[in-house]
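Chain order of the listed sequences is A and B.
Just so you know, the first sequence maps onto residues 1 to 93 in our numbering.
Just so you know, the second sequence maps onto residues 1 to 353 in our numbering.
FYI, nobody ran anything at the bench for these hints, they're computed from the structure.
A hint or two may mislead.
What the hints assert, rightly or not - Quick list of in silico lysine-lysine cross-link-like pairs, DSS-like style, CA-CA up to 27 Å:
| hint | chain 1 | residue 1 | chain 2 | residue 2 |
| --- | --- | --- | --- | --- |
| 1 | B | K16 | A | K75 |
| 2 | A | K23 | B | K16 |
| 3 | A | K87 | B | K106 |
| 4 | A | K16 | B | K103 |
| 5 | A | K16 | B | K106 |
| 6 | A | K75 | B | K4 |
| 7 | B | K19 | A | K23 |
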Amino acid sequence: MAVLPLRFRILHIVNKAAGKPLKTDEIYKELYDEYSGEGQFSLDLMESHLMSIKAVGLIDAVDPYFDELGEARYKYIITETGTARTKYLPAQL
Amino acid sequence: MTEKSPQAVLDAKQLKHAKRGIFAGVMSGILWGASGTVLGMAIGFEPLASAQGSLEGDALLCTLVAMALCGAILHDFFASVWVAVHNIRAGKFKEYGRTLRTKPGKMVCLGAILGGPIGMSGYLLGITFVNAAYALPITAAYPAVAAVLATIFFKERNPARVWVGVVLCILGSFLVYYAPMEGDKGAFFTIGMVLTTLACIGWATEGLLSTYGMDMLDPDIALGIREGVSALAYLIFVLPIVTIFMTTKFGSATPIWELVVGCLGSSAFPIYAFGGFLGGFSYVYWYRALNMTGVARAMALNVTYALWGVIFAGLFTGFVTTAQLFMGAGSIAVGAILVSANPRELFKLRDVK
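Bound conformation, chain A alone (with noise of 0.2 Å):
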């Protein structure tokens, strides 16, 4: 299947996690293969691009925590305006 826009798999895997908060590096990981390679596809840019997701109402961010760099970071859930957004993202996924 051709590749998606970014922003639309982030919120595919936020939604597929089913309600569990997702960690930053952890949505990272699981795009790496896809995207890796591209100038826009970095763990700082992937920040910015959850918190511009998490501004328009699509994810929420929850439970504050340090990461191991003692970098301050949130964890990532879908939100139901993110859920009813889902229905642009193809049925194949």
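Start from chain A and add chain B according to the hints.
Relative to chain A, chain B alone:
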């Protein structure tokens, strides 16, 4: 020393993110005001200046239409190029094709046709027929038009604050329309204001359409597609249709193609390129503000271009700003801010601390 909790660190980070969004919103307004002023100035350069200097009546009308469309095409073309360069540098080029295959991507394309050939043409025709200082405030009322359209077509219920904003925009529009201008307003002032209103409607409908599903897209990519599709729509549909219409109606072919081609090697070329650059980056900041600080704040900051347009026209084009025009522009800006700033969206969705 007390160690900060992860929540406190993240709150600070989010505040910084929101502040950057507010800066982006302010920049989008300033750059759009500057872009309109620069594009309006292109009329004074060749080949546009001599084309309008020796004509009158229908021939002049045809030439003015041609000039405005020429400006709209070149603006959207240059804006799409600048945004594409920005996206390539950010490593996002592959996202164009991926996004175009999705339904939200296709909705952006449809929005581009409403916002480009209809919105941008009306805007540039307005700037050409009247001064940017008149045209910019009128188009800034687009959130009010969007609110009215959403009520009619989507049965949206708006609070009293929104309707107060709509009334302020209408009052402001009257103030602008009847604001005195030094010298003659020109034969095409009324038609220019009508076309500017058409731009306002085009952008309002584009906003309504693009908002739905757009939140899944990278704003920089959505913008690149919007500008590119708009420029293509001009070349494939608008130019041939307008040429045929003008030929049939007035009996002679308009110099649209000649002007567009002529512009490429003329002194107007860098003006359009610079206008497109400013306009393109105004959009980049606008879409970025939407993502970083929320629709309400972003829109409220963006519509301040109504005032920036009047200020820049006064500073850089020798246009004499009157108190009535400034009050009209201010009334539209305040009205549009009232329409846009929905406290629920500000504090619920965006969670800006």
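Evaluation of the provided hints:
1. K16(B) to K75(A): Roughly 19 Å between the alpha carbons, so the hint for K16(B) and K75(A) holds.
2. K23(A) to K16(B): 21 Å, holds
3. K87(A) to K106(B): 15 Å, holds
4. K16(A) to K103(B): 20 Å, holds
5. K16(A) to K106(B): Status holds; Cα separation ~25 Å.
6. K75(A) to K4(B): With a Cα-Cα distance of about 18 Å, the restraint between K75(A) and K4(B) holds, given a limit of 27 Å.
7. K19(B) to K23(A): 25 Å, holds
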